[in-house]
Amino acid sequence: MQNYTADPCSAVAPLVRAMECIPEGENEDGLHGSSASLFSSIRNLNPAFGGTETDKQEAPLKDLKQRLESFLSCGWLTKQEYQQHADFLATYHSDSSIGANGKFALRELEKELDSIEEKKSAQPAPQSWSDMFMSTLGISTSKPGSSGPQARTSFSPLANATNRSANGATNPSPPTIVSPGDLSNVLSGEDVAELFVETCFFARLGFVQPPCCMSCTYREALRGSLPNEQCDRWVVWRRDAGKTFDPSNNADLGKNALVVQCRSARRLIAGKTVEGYRWDDKKRVLRRRTKGI
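Sequential numbering of the sequence shown, starting at 1, is according to UniProt numbering.
No lab work stands behind these hints: they were computed from the structure.
Hints may be right or wrong, so weigh each one.
Okay, the calculated beta carbon distance ranges per label pair [as the list claims (entries may be wrong)]:
| no. | residue 1 | residue 2 | range |
| --- | --- | --- | --- |
| 1 | Ala221 | Lys283 | 24 to 32 Å |
| 2 | Arg239 | Gln80 | 33 to 41 Å |
| 3 | Gly224 | Asp281 | 22 to 30 Å |
| 4 | Lys111 | Ala221 | 55 to 63 Å |
| 5 | Gln66 | Lys255 | 39 to 47 Å |
| 6 | Gly206 | Arg289 | 22 to 30 Å |
| 7 | Arg289 | Asp114 | 51 to 59 Å |
| 8 | Asp87 | Ala122 | 24 to 32 Å |
| 9 | Glu112 | Lys283 | 24 to 32 Å |
| 10 | Arg288 | Leu222 | 28 to 36 Å |
| 11 | Arg284 | Ala122 | 32 to 40 Å |
Simulated crosslink set (DSSO-like; lysine-lysine; CA at most 30 Å straight-line) [what the hints assert, rightly or not]:
| no. | residue 1 | residue 2 |
| --- | --- | --- |
| 12 | Lys79 | Lys65 |
| 13 | Lys111 | Lys62 |
| 14 | Lys79 | Lys120 |
| 15 | Lys243 | Lys272 |
| 16 | Lys65 | Lys120 |
| 17 | Lys111 | Lys79 |
| 18 | Lys283 | Lys243 |
| 19 | Lys103 | Lys120 |
Ideal placement from N, C-alpha and C gives every residue a C-beta, glycine not left out.
Work out the full structure, taking the sequences as your base and the hints as a guide.
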């Protein structure tokens with residue numbers, strides 16, 4: 001057996017061998033599925049390696065276990081990563097049973113947890129779904145009470161958007177399928193929240209696209225009313241229904257989202273062409289007819 005004691009530098013050989021076994025497909029946080037084997041290799045290191053840290057205060061097993069549980073609950077560790085670390089700690093029965101090699105291995109685990117905590121804490125707080133939706137629609141989050149014409153129009157009722165064009169001017173025949181930014185001057189925060197709730201509602205029911213607005217759904221399903229083929233309320237559609245509204249990909253959301261009037265959504269679902277748009281149910285995309293074809 002090779003003697004690593006003779007050469008202090010050779011003590012890193014087991015660690016190098018362990019790292020060579022780490023899969024290349026690490027995630028962006030640098031985490032991997034070989035943590036347990038890595039620390040198992042570290043446990044075999046000669047205690048002389050890293051001896052300058054022997055006087056440091058080691059984290060007790062209980063504290064490390066609590067940190068692992070906390071990281072798991074925060075989503076900082078996957079269940080697999082948590083289990084690998086937990087299995088590693090389970091090899092020690094108590095703090096008193098930890099030898100010099102074990103203390104070094106535990107310090108390495110503590111360093112890794114410190115690194116994860118530092119990296120995750122430095123990241124900006126995740127955007128809420130409602131904030132993401134507001135941002136996707138290009139809507140200002142200004143509060144009521146602001147002065148000026150923009151403040152007055154930004155909190156107009158949602159249905160009023162039907163007789164406004166993109167710049168807020170009166171339009172006798174405005175489009176019923178528009179980009180989110182075209183309605184930013186007439187949608188308030190409450191309006192956007194309403195659209196967000198309706199979008200989530202239909203998605204939870206398994207609809208690829210909202211077939212109509214929530215108000216019509218209620219009247220027709222619970223009250224037995226006839227369909228309102230002229231309803232001018234708005235719903236949010238996706239150009240490509242294969243792409244989800246994901247806060248981590250906010251840049252692409254604005255391009256994928258469209259705001260569609262309820263009456264036009266009904267016609268699109270029925271296979272009709274509306275303002276150059278046609279719903280491809282098979283491929284789940286909203287196609288726009290090219291001019292001149």
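Quick rundown of the hints versus the structure:
Ala221 and Lys283 have their C-beta atoms about 28 Å apart, which keeps the hinted 24 to 32 Å range intact. In this structure, Arg239 and Gln80 meet the distance hint of 33 to 41 Å, their C-beta atoms being roughly 36 Å apart. Distance hint check for Gly224 and Asp281: the Cβ-Cβ separation is about 27 Å, which falls inside the suggested range of 22 to 30 Å. Roughly 58 Å separates the CB atoms of Lys111 and Ala221, a value that falls within the hinted 55 to 63 Å.
In this structure the hint that Gln66 and Lys255 lie 39 to 47 Å apart at CB holds, the actual value being about 44 Å. In this structure, Gly206 and Arg289 meet the distance hint of 22 to 30 Å, their C-beta atoms being roughly 28 Å apart. At roughly 57 Å, the beta-carbon separation of Arg289 and Asp114 lies within the given 51 to 59 Å, and the hint holds. The hinted window of 24 to 32 Å between Asp87 and Ala122 holds, with their beta carbons roughly 29 Å apart.
About 45 Å separates the C-beta atoms of Glu112 and Lys283, a value inconsistent with the hinted range of 24 to 32 Å. A C-beta distance of roughly 35 Å is found between Arg288 and Leu222, which places it inside the suggested range of 28 to 36 Å. A hinted range of 32 to 40 Å for the beta carbons of Arg284 and Ala122 is consistent with their spacing of about 38 Å. Restraint check for Lys79 and Lys65: satisfied, since their Cα atoms lie roughly 14 Å apart, inside the 30 Å limit.
This hinted pair checks out: Lys111 and Lys62 have alpha carbons roughly 16 Å apart, not beyond 30 Å. The straight-line distance between the Cα atoms of Lys79 and Lys120 is roughly 17 Å, inside the 30 Å bound, and the hint therefore holds. Pair hint Lys243 plus Lys272 holds up; C-alpha atoms about 23 Å apart against a cutoff of 30 Å. Of the supplied pair hints, the one linking Lys65 and Lys120 holds, its CA atoms being roughly 19 Å apart against a limit of 30 Å.
With a C-alpha separation of about 20 Å, the suggested pairing of Lys111 with Lys79 holds against the 30 Å cut-off. The hinted pair formed by Lys283 and Lys243 meets the criterion: a straight-line CA distance of about 12 Å does not exceed 30 Å. Taken as a hint, the Lys103 and Lys120 pair is honoured in the structure, with Cα atoms around 26 Å apart against an allowance of 30 Å.
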